[in-house]
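Visitor: One-letter residues, chain by chain:
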Amino acid sequence: MSNLLNISPSPHTHGKDTTKKLMYGVVLALMPALFTSVFYFGTGAVIVTLTSVISCITFEYLIQRFILKKPISITDGSAIVTGLLLAFNLPSNIPVAIIIIGSLIAIGVAKMTFGGLGNNPFNPALVGRVFMLISFPVQMTSWPVPAGFGTGYLDAVTGATPLAIIKEGLKNGESLSGLMEKIPSAFQMFMGKMGGSMGEVAAFALLIGFVYMLYKKIITWHIPVSVIGSIALFTSILWLVNPELNADPLFHILAGGVLLGAIFMATDYVTSPMNPKSMIIYGCGIGILTVIIRVWGAYPEGVSFAILIMNAFVPLMNTYIKPKRFGEEVKNG
Amino acid sequence: MSSTILITIISLSLLALISAVILYFVAQKFKISEDARIDEVQAILPAANCGGCGFAGCRNFAEALVQAETFDGLNCPVGGAEAMGLAAKILGKVAPFVDPLTAVLLCNGTPEFRPRTSIYNGASDCRISHNLYIGETDCSYGCLGNGDCVRACTFDAMYMNNATELPVITDDKCVACGACVKACPRNLIELRKKAKKERKLYVACSNCDKGGPAKRACSVACTGCTKCLKVCEFGAITIENNLAYIDATKCTFCRKCVSECATSSIIEINFPSKKPKAEVLAESVNG
Amino acid sequence: MKTFPSGGIHPPENKLTAEMAIASLPAPESVTIPVSQHIGAPATIIVNKGDYVKTGQIIATSKGFVSSNIHSSVSGKVNKTDTVIDTTGYKQTAVFIDVEGDEWIETIDRSDEIVSEIKLSSDEIIEKCLESGIVGLGGATFPSHIKLKVPAGKKCDFLIINGVECEPFLTSDYRLMVEKGEEILIGVTILMKALGVDKAMFGIENNKPAAIKHLTELSKKFKGISIHALKVKYPQGAEKQLIKALINREVPAGHLPVDVGAVVHNAGTAFAVYEAVQKNKPLFERVVTITGKTMTRPGNFLVRTGTPVRKLIEAAGGLPADTGKIVNGGPMMGKAINNIDVPVVKGTSGIILFPANESERAEINPCIRCARCISVCALKLEPFLLMTLSEKNMFERAEQEGITNCMECGSCSYSCPAGRPILDYVRLGKATVNRLAQERKMQQTATN
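Residue numbers (my numbering), protein chains in the order written: chain B, 1 to 333; chain L, 1 to 287; chain H, 1 to 448.
Take these hints with a grain of salt, some might be off.
[To be verified] Chain B regions said to be covered by chain H (calculated; three or more residues, Cβ under 8 Å):
(1) 19-29
(2) 117-126
(3) 319-325
[As the list claims (entries may be wrong)] Some chain L residues flagged as far from chain H (calculated, every beta-carbon gap over 12 Å):
(4) 21
(5) 66
(6) 93
(7) 98
(8) 112
(9) 119
(10) 120
(11) 164
(12) 194
(13) 225
(14) 231
(15) 249
Derived by calculation from the structure, the hints in this document are not laboratory data. For glycine and all other residues, C-beta sits at the position ideal for the given N, C-alpha and C.
One chain only, chain B, in its complex shape:
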């Protein structure tokens, strides 16, 4: 025989999924939300997204090429996902320089210092976002009002998010029912017609992405459902106890970044737990922390903080919460 045979241990076939495919699957799932945000926020959305994605890829390339001196892996799509998610968490009128600083923190500090893809304990996009929120609070909290294609970039008309309206109003002693008049209706919020970060507003677009990722088996239902479920449960209790001070659960789910966080941020492979049991605990933790921050905390929105806090518990959960092994407990019958 002229050519030699390959030998390797079994299995000798491999599934079709690759890291790249999964990452681009997430990118595809984010597209509906990207289109709606361009539709609502116009030029600003395009500029912010492009800046964020390009700078994330560039930083990853530069760090791998000149600091780590490792093979370049920017084509695996993980930097694109980080860039998109970071952009989705920003208002569409934020200056380019701030986005670049945020990308540097996201990729440089949160991802590459730990060794790159697969090793970062915290979600890079969220670390970048929280860094920007703390460092540039004014720019990060002046939300453009969704006005359609005509909306400019830096000169967009700004307004407050529904969550901020409620929080401020309650602090000033206004009644909740009066405040609810000032914010968009539930249907408008579902369609995304409200102030907020460019990617988080359109609930329906995010849900399309969720269904797509479930269908493609990119993620499982455990984390998103437990995050949303625990928020619904917790806010229902608060609402039933005192409907004058606490908004209804539907408002809490549609307002702010709950859907974006639950579907795309909390499910980030690297920073989420690995077995179904811990996934549900993790999701519930995020939900409860979010509501606590929203209702009693200083910030009107708390999804990013909640996810980052729960990220810190993931290694612990992976070590101590184990799936029940096959044959561990004999049940006959």
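Here the structure of chain B is known, so what remains is to put chains L and H in place on it, guided by the hints.
Guide: Only chains L and H this time, still in chain B's reference frame:
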């Protein structure tokens, strides 16, 4: 304003004082009396924590040295005679002389000598390919070439030679810690007595098959033909399982076996190039 | 429809040869019969160079408790005993026989008549299986007679027949079930008698409707045998998964199926038992699927053991030019072979040829902790963790994490998007942990 500062200073000082008192008593209570010599001995050890002495780390070895009646059987291959001598001085004991060792690879199956018969495509780990099958060649004893030994070496004394597909040991970096010996699933690395000028003379083969199959698999395999055994005047060569072995403690580097070996499986390293035969004869007669 | 509850994958089935009838491959000019074709101790050779042997004659006898007899698959002269690289990937002792004619030993009943009356007693059946060298033909090749002896103090409630054939490509069991259904069911009845059970459950995956229909029809004539269609999912053919699917009992880690009252035999083994008990024919030939997307005439062949794979490939249309890998067994659990002179053995359920572009492993990327390996593991282990622990030599921790439960089905490596060699390392860890446990045991007995 000034009262605030005053209260702050007083309260913090009080806190510091109380903490200091607590720490002092706790330290007294939980004091561990340890032989001070352990620290001294540890200081002269190389701190490589390689495990070459058979203990988990340098600290454990230092403890063992302090507790030991004699130094027999205790040796730090990395520090060598120098470190052991210093340790002996501290502890008032005698360090027996231990031959310094160096690692050699008992396989010379380069692709040229040992033709490849398959391509290994699994995880790059010798233990895995060893458990899986005979290897990329027909020799079930030889080097698999996935570099477990290189990864095990913490002294940067080994590297894979891509042309020969065999690991190479850098003599001046090798400290004979034995990590590679343990790492090799086919036991192809031996620690041999170090000779002057880094000279090495050994049978670079581990094939226990009979002559025919061994030679078919690899042209430089030892066939156990006993030619070297007959020529050796010092009884340094033994043959077991169709495989010759040269005892480094008995070998005088006369190099007679090298030219006798029909398959060139005995190799010599760092020797001066061969002189014409007449001169060699003259020298051996004179010497 | 029944299946096992957790984990599992759906690899492309690729059953190219499902409709190809079993063809008999004539004996080659020479055969190489390894003496270790089963799990356990190699058999001891009892023939000498130059001896004339007949087809079906014992040439090596079982040695020790877990071992099996080896029979000559041809008639002819023993040329030599030597080592040869066989399906284990290592050199093993084998008997080389030059074929002369085809003279079978007289006791074998070569007629096509189906003998349904079982004359032998339970013990005689077990003795016959030992004598005839019957081993599990699903691929594990565990000597069958041992599985037929129910240990004292244990009770077997069900005989489970494995007709799942969940490995992609392979169709040898399927063809047997379609063509030799009645013989198989008689074989099942024999096994039931040997075990002393009155219920047998025959599990077949739903992608084989012809076999299910045929056997359901036939089983009406047999008492106590029920045919069960199972949802298609790999690795349903694994003993523990099949028991879970059929009778919903979980075999505890480190225990045997008989501990939950079940004994599992393969459909092919049932056929071999029929032949041994009713026809006096020892196990020296089996049905082998030879297949591959590039093969010109893939098929199912009745092959004598010891036939070089080369002959099979020739019968199936020759070796395609770009063949990059040849696998003995299924693509999920089979073993790649070194060259095409490797002999067919009792455990060879199929030979699969992969073209060069499908024979190389994917590039290895970092683990992204997508948890797919955990979700597909039928034993609910954490393969990614076991891999890392083995890689870093942390075998004690790996043992605590249940590495020895792994049955090496390969679902984790199959589904890893980063192309990590998970099973390679898990298998290494499992072997090392087992070795260390044995060493510990020996040390304990030594000190006691």
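Visitor: It remains to establish, for every hint, whether it holds in the given structure.
Guide: Outcome of the hint check:
Counting residues of the stretch 19-29 of chain B whose C-beta sits closer than 8 Å to any C-beta of chain H gives 3, which meets the bar of three, so the coverage hint holds. Counting residues of the stretch 117-126 of chain B whose beta carbon lies closer than 8 Å to any beta carbon of chain H gives 3, which reaches the threshold of three, so the coverage claim holds. Counting residues of the stretch 319-325 of chain B whose CB lies closer than 8 Å to any CB of chain H gives 4, so the stated coverage by that chain holds, three being the minimum. At the 12 Å boundary, the C-beta of residue 21/L stays outside the reach of chain H, the nearest C-beta of that chain being 42 Å off.
Residue placement check: residue 66/L keeps its beta carbon more than 12 Å from all beta carbons of chain H (closest about 29 Å). Taking the minimum C-beta to C-beta distance to chain H, about 32 Å, the non-interface status of residue 93/L holds against the 12 Å cut. At roughly 28 Å from the closest C-beta of chain H, the C-beta of residue 98/L stays outside 12 Å, upholding its exclusion from the interface. Distance to chain H confirms residue 112/L as a non-interface residue, since its nearest Cβ pair spans about 20 Å, more than 12 Å.
At roughly 9 Å, the least C-beta separation between residue 119/L and chain H is not larger than 12 Å, which violates its mark as non-interface. Non-interface status of residue 120/L relative to chain H is broken: a Cβ of that chain comes within 12 Å, the nearest being about 10 Å off. Separation of residue 164/L from chain H is adequate, the least Cβ-Cβ distance of about 22 Å exceeding the 12 Å criterion. No Cβ of chain H comes within 12 Å of the Cβ of residue 194/L; the nearest lies about 29 Å off, and the non-interface call holds.
No Cβ of chain H comes within 12 Å of the Cβ of residue 225/L; the nearest lies about 20 Å off, and the non-interface call holds. Every beta carbon of chain H lies more than 12 Å from that of residue 231/L, the smallest distance being close to 31 Å; the non-interface claim holds. Distance check for residue 249/L against chain H: the nearest CB is about 31 Å away, which clears 12 Å, and the non-interface claim stands.
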